[in-house]
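**Student:** Sequence:
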Amino acid sequence: MREKLVSLEQAAKIVRDGDQIIFNGDMDWTPMALLRELVRHGMQNLHTVGVVGGAMNLDFLIGAGATATVETCSLGFGKYARLAPNYERYQKAGRIKMKDNT
270 MREKLVSLEQ
280 AAKIVRDGDQ
290 IIFNGDMDWT
300 PMALLRELVR
310 HGMQNLHTVG
320 VVGGAMNLDF
330 LIGAGATATV
340 ETCSLGFGKY
350 ARLAPNYERY
360 QKAGRIKMKD
370 NT
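When you read off a place in the sequence shown, starting at 1, and then add 269, the result is the number in my numbering.
Don't read these hints as lab results, they were simulated from the structure. There may be inaccurate statements among the hints.
Distance condition first, Cα-Cα at most 30 Å in a straight line; then the derived BS3-like pairs of lysine-lysine [said to hold, decoys possible]:
1. Lys348 with Lys361
2. Lys366 with Lys282
3. Lys366 with Lys348
4. Lys282 with Lys368
Model the full structure from these sequences, guided by the hints.
**Tutor:** Written as structure tokens, this is what we have:
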């Protein structure tokens, strides 16, 4: 039987520039170590999707310059920040595309 477990580095190599990656709305089950590995590999132009919203997971990739397009219904840190700070900064500067999926 084929081995299904791989290292973070091997998993990061599966994702290519411009790929679409999808996350659940909050931080539950977000593979932050994998996101850091994608950034280490210099990932760019990702199309990120936040199902029922996004949080630090999407904002981290935006701040690292790895995301070109975000598709979600909201992107914030709940009671701590109405808008995710990296998203807000990139949106105001016109450096990211937002697709509303409400």
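**Student:** Now, for every hint given, state plainly whether the structure supports it.
**Tutor:** For each hint, the structure was consulted:
1. Lys348 with Lys361: holds (22 Å)
2. Lys366 with Lys282: holds (25 Å)
3. Lys366 with Lys348: With Cα atoms ~25 Å apart, Lys366 and Lys348 stay inside 30 Å; holds.
4. Lys282 with Lys368: holds (26 Å)
The structure is consistent with each of the numbered hints, conforming to all of them.
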